[in-house]
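Trainee: Spelled out from the first residue to the last, the chains are:
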Amino acid sequence: MDTLFVSFVVILAGGVMALLLARRFNLMKLVTVAVMSCGCGIGLVKSLSLLLSQAPTAEKSWAWLHFFELTFKVDSIALFFLIPLFAVPPLALFYSLQYMADQQKRVRVAVNYFFFAILVASMALVVMAANMITFALAWEIMSLSSFFLVVFDYQVKANRQAGYLYFIFAQAGAMFLFAAFALLYSHTASFDFAAFASVPEKAKLLIFLIAFIGFGSKAGIFPLHIWLPKAHPAAPSHISAIMSGVMIKMGIYGIFRIYLLLDAATPIIGQVVLVTGMITGVLGVVYALAKQDIKQLLAYSSVENIGIILIGLGIGMVGVSEQNQAMAFFGFAGAMLHLFNHSIFKSLLFMGAGAVLHQAKTKNIDQLGGLMKRMPITGRTFLAGSVAISGLPPFCGFIGEFLIYYGAFHGINNQRFSFILAILAIVSLAVIGGLATACFTKVVGLAFLGEPRTEQAARATEAAWGMGLVMIVMAAACLVMGVVPEPFIRLAFAGIRDVGFTAGYDTQAFLAVVRQLSQAILIFLALLALVSLLRKVLYRGKEIGSGSTWGCGFTQPTVRMQYTGTSYAAEIIDFYRPFVPVRRLYSGISRIFPGKTTWETGVDDVAEINYMQRLIKPLLQFLNSLRWIQHGNIQLYIAYIIVAIIVLLLFL
Amino acid sequence: MLEFTCLIPLFTGIIAMFMPARLGRIILLVTAVLHLQLTVLGWFGKVTPSLPGYFAAPPDGLLVLLVTSFIFLFISVYAVFYMRETEMASEPHYIGATLFFLASMSMVALADHLVVLWIAIEATTLMSAPLIFLTRSKSALEATWKYVLICSVGIALALLGCFFIVMAMASNHLDVGITFSSLGQVAEQLDPVWLKAGFIFLVIGYGTKMGLAPMHTWLPDAHSEAPSPASALLSGALLNCAFLGIYRSHQLLYQAGLGDFSSRILIGFGLLSMLVAAIFMYNQTGYKRLLAYSSIENMGVIAFGIGIGGLATYGAMLHLIHHSLIKSALFLSSGNILLGYGSKLINKTGNMAKLLPKTFALFMAGFAGISGFPPFGIFVSELLIIIGAFQQGNTISVTIFIFALILVFAGAARLVMRMCFGRNDEEILVPESYGRLLPPLGLLLSSVLLCVWLPDTLYEKILSAIATIGGGIHG
Amino acid sequence: MIVLSDFLLSLTLLSVLLSLASNRLMALVKIMAFQGIVVSLIPLVLEQHQDLAMGSILMLQVMILIKGFLIPGFIYMALTKIKIKREIEPIIGYHASVFAGLFFILLSAFITDRLDISLPGGQVLLMITAITTLAAGLFLLMSRRKAITQVIGYLMMENGIYLFGTALAKETHTQYLVEFGVLLDLLVGIMVMGIVLHNINSTFDDVDTALLGQLKD
Amino acid sequence: MESILSLCFAILIAPLLPAVIQKVKAFFAGKQGPPLLINYYTMIKLFRKGSVYSTSTSFVFRMGPVVGCVTSLMMLLFFPLAGIKPLFSFHGDVLILFYLMGLGRFFTILAALDTASPFEGMGAAREAFFSTLAEATVFGILILFFRITGSLSFAEFFSGRHVISLSSEHGALLLLVIVALYIVMLTENSRVPVDDPATHLELTMIHEVMILDHSGPDLALIELGAWFKLLFYSAFLSMLIEPFHLESALLNSLLFYAVVCFIYITIGMVESITARYKMNMVPKFVLTPFALVFFVTILTMELVK
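Residue numbers (our numbering), protein chains in the order written: chain A, 1 to 652; chain B, 1 to 475; chain C, 1 to 217; chain D, 1 to 305.
Below are the DSSO-like pairs computed for lysine-lysine, each with C-alpha atoms no more than 30 Å apart in a straight line:
#1 D/Lys45 - A/Lys536
#2 B/Lys46 - B/Lys461
#3 B/Lys344 - A/Lys157
#4 A/Lys542 - A/Lys373
#5 A/Lys536 - A/Lys373
#6 A/Lys361 - B/Lys354
#7 C/Lys30 - C/Lys81
#8 A/Lys542 - D/Lys45
#9 D/Lys49 - A/Lys373
#10 A/Lys105 - B/Lys344
#11 C/Lys81 - B/Lys138
#12 A/Lys105 - B/Lys358
#13 A/Lys617 - B/Lys344
#14 B/Lys354 - A/Lys157
#15 A/Lys542 - D/Lys49
#16 A/Lys157 - B/Lys358
#17 A/Lys536 - D/Lys49
#18 D/Lys278 - D/Lys31
#19 A/Lys157 - B/Lys348
#20 D/Lys45 - D/Lys23
#21 B/Lys344 - C/Lys216
#22 D/Lys23 - D/Lys278
#23 A/Lys157 - A/Lys617
#24 B/Lys358 - B/Lys348
#25 A/Lys60 - A/Lys73
#26 A/Lys373 - A/Lys361
#27 A/Lys105 - B/Lys354
#28 D/Lys25 - D/Lys45
#29 C/Lys216 - B/Lys138
#30 A/Lys105 - A/Lys157
#31 D/Lys31 - D/Lys45
#32 B/Lys138 - B/Lys344
#33 D/Lys25 - D/Lys49
Simulated from the structure, these hints should not be mistaken for lab results.
Required output: the full structure, derived from the provided sequences and hints.
Mentor: Structural data, given as structure tokens:
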């Protein structure tokens, strides 16, 4: 455990070095990245070895401010969350070496690295915290540092707004957490996590729900997700990768942790988590489909994946309350594995999007196209990531979902309500999978394939080699984890080792299935190779012509006639109309010889609209209507004092 | 001899009034250092008050005195550099008034006699009025007028409150000195109705001074119109002094077994202040006014915490310390902003991150601190208040409390971001200088330091202070 | 003696009503001077202050000097020095003000009755006067536009509180502190207000508080 | 050995059966129709040809047919044709198989989008949409089967203790499932009334428009994939319909293929006597089986304990 603290110190040292060396840009980047990666590496190795060696949970604590204690504890769950947390940042850092190339902003870049270091360290502390004070402390530092990372490009107004929104959600979420902790403390009179289980059963549900809102706003559950699709596009891409790949998982960690600590008997908790997961998953992917901004789309896709993870957790929780060990085990393990996978492929995709943004200067799908030829590495790795995130074999996304399915199917034999929940979970997973396919075929098909829609896209060239290398590594990781999933599944199993209810579940039968699964994937790959070979043979020595795409009768089709992202998604969006309001702006046609007319559509977030219309606007109106209080008239100010006295005297 | 904390600044203030500015600055700094030394000596009990019927050094008073003295030193250093750059016409006046102000605040902290406390608090009003008035602009005049008049009215009512408390004693034919310490010993024999009436008037009166809504109306005007070092003093030190008056009264009621009554009133005022501050923060036009409303909000937090009792009182005391440190740092950096942009309007500022990077860092850090982010201490204090409130079962009020905190944060964050990151293409009038950067930095760092390591003596002092109102970390 | 004290108290009440009805600043200042003297005299004629110590007498003289002459004189000087219209320009009219004053008397009688405090003999009227003066002072503060009338209102309020103090507090407890405090407070307060007033006048050309309504949200 | 033979037979016969549909349609139209072996001829013709590729396309365009074909083939690999134990099978294989189908779809769509054509995207969008809905139905069916048999493998569905069969105690439920699966089959294989493979207006096509630019062996692979897929679905259906389990594998196979043939004929009949739906009606049509399956699954709450 001390080694882990050493790694924090190294990471933080890297961040401080960035500040110290801010004037020498390239040296600063190199040193910082090297030191911080080294720190992450130490942490990664240590946490992996701790996890695999089945070491007993270690604990360490310091006294703080006289009656608090900063207690840290690593159990298997914490260790499991530490792995992506230490694995992704070095890759993101390496990527950032060439991504953050603007010498003009060197101080800002240095500050960015500084907060990056703090973010990574604080996330690790969140995971290791073993009492609520420690947790809250680390949690708040995490929120604050990530805020500064989001507003890196503050000159753009949208980014400022995104940062603002994120800030509000972070703080409001933290307040909910504080409330939950305070409620816990009022029952246990102890800050220690271990005391949570002694809370009376009646209070547990309420506490969980409050904490769920707090953690959910960080994780991005629907409808608390609205900061996510704004903040992620605003941040630099390697930061988005960290935020989406690792940081929002802290919300999941919190939900999981508090669930385990409360050890509540009520089935409602699991049901709430499961249903929230389904809603989050389906709506997340529908919104992702509706967006034309790649990074925004990826952010919504993160919402979707949070939904999938929550479905997994929810299945696990329902399994626990139904005393169905298999269901619980696979639900939790699936959630863990999917979370791990998501941190890899989502980071990959954000980095790909960053490369596109860097080279083509736009994130809008409807202005891209044909990048596969111009940016072959980015294109291919992005394709791999897309397949993975759609949950399709042979990439890793499938494996996590497979586990969740497995758990959910074990719930089919339950009775009544939990049976229906299991059905709904499976169906929504299937729907999410289908929609994710639609969503990512849209991104790949429209941004990378076809013809460039704008000049910028046509001029794009491959990103710098370092960025490409990182993406290749991650794509390869996705493939390996998909084809040989067993070690990673074992890792996930090790991760939930300390979950009381599922402990001791016999995994041998399932691991046999996994080996067969892996075989099936290999068979598929072999067949694929075979048929490709066959195709090669069939084409050997034949004339391969090339020409323009057949325009179905149009003799001169232009690139502007390509199908756009908006039209691609239109029909599916229409199907989900009540939840996904489409905004249409049409200038209309008037007069006999009409002038230029415009037609614009966009999809607004139904949660955002409702917040604005139902909550923010009335609230602001109400506040505004009270502004007369400070009218500047001194006579009435004195009257206030008199009124206050009279009112108080009435209480006498 | 602890009374010298009042007398020294009083004398040096008189001297400084008639000295040239250059000498005055030295006098200011020397006095600040001397004052701090004396305070520290008093803190450790080396020096004690020598007029027992009138002055005493209870832990709460010492706490406020220390905070006042500490931030006064930093603000004085800042003021010296600030005045050099602004070429303030009436610099001796400023130095004199600020020293008188310090004297009166020290008197508040040490006062034990009901009426002495009252006189001292009224004196702070009168001594600080010239500080607000210093720029002599129309708006400064208006602010001063409102400040003096409203506070005087409030304080006059507090005097009535003092009479009522005396009456509470007289009507039961008790005969002890009307000091808080001796009243506390006979508290249970006091007439409850008079005591409660007295408390109401004291809360209204001192609450006017402390900026509790709805008596807060002067505060945003005065704090925004005063020169920045003076605003920092007003917000960081004066409000605590007024709070001390309320705290003592609450203490008295608690000892008389009427703690519930006074707690409820404090909770009510606390929440009302936070909500009122929230109303005016989200759409504020001036950043100094924004900070002023934030002070109202924080005073509300403190009142709420004291009212809740138990663990929350400890939080409230921590909040008092950290609020003073952070808010004065914020006001000091707002002075830099004012010099830089030449305007108090938020719309005229912007892009601080580029134009005034160091001030930006301070301001942003201060904002993060005041909003309750670690490593600043308000994180701990707010958390403790929330925990304490839940522990006491005040669910509804703590819900409002949290709601108000979120509202205030949302309102302030928008404007702070506008200032720090918004567009602005104008030139900076006065560049940053270290003399005006280091004092706020020092204040912020001390907040961080106190959040990392709280000296035992401070901890024990806080505990013994809150023990008298039934607060405590295990309560 | 009872008669004398009641007489003085009635005079105070009269001055209160007069001040509410007066439409000239100069007259108002004179009324306040009168009220100051009367109020200062009241402790002298109260029953429990029969045996006057040397200190009290000294205090009394200082009191009369300040309340009756110094402060009104100061305000008078301010009035003559600054160019202001001499009308009071009330927000609430004179007649209404007088009625309000009468209402205050009724109200304070009611409150005194309800309070039912064991006041040492014959001080019921004292309480009534104190509350009325206090209320009327606050009323002046709220209902008059000129800044200078507000100062006078404040003065009147302080008179009321002072009366309260004499009614409620025993000498032994306060030991001149109340008097001392009130005087110091008044003196410095009025001085500060006067200086501000002067500056307001020179900056705005008038002391109408309508001009002092620029700082708002 | 049996398994390999059965698989080879299925692969060989897959191109033959669609010709049956064409025959039926011709019969209804009063025409003679193409010969039964027409598809083999087509295959040979296509294999001999070269290709023309659009300059817009990339490697994804060439990958599409291969992946599509292989994923369909995978289904046959794992399916117990005529009740004969498949080559490969494990608990949970249905999940990966249907996801592999998804992969095939993924690449087919991408290949369509790769052409930068104004029309192929249209087909791709519809394909993505309808198959999402169909997938939900398929998983609904899997839930039901799991409820009945406790397994997640094609092989185990039709062998072992709890066999899915019309003659079993859940036979009544199965009728509804058969209807549902039939509709899914029509959807997934682009048949009338969802799609019309014979249509010639690009604007109204779904699957066909996506492969407009493919030619030569690539097109042949696509066609092969489509035939495999159709065969898989009809095999699945016929395993549900046909309740007999004869001792002899040969007889069993005969019966099985007879039923498969019958299903192909019904497809032809449906195509002959119904018109295709308007595009906006299709989602409703595709949702019908989902509703059916969901209903059935809920019913099992009482029936299957």
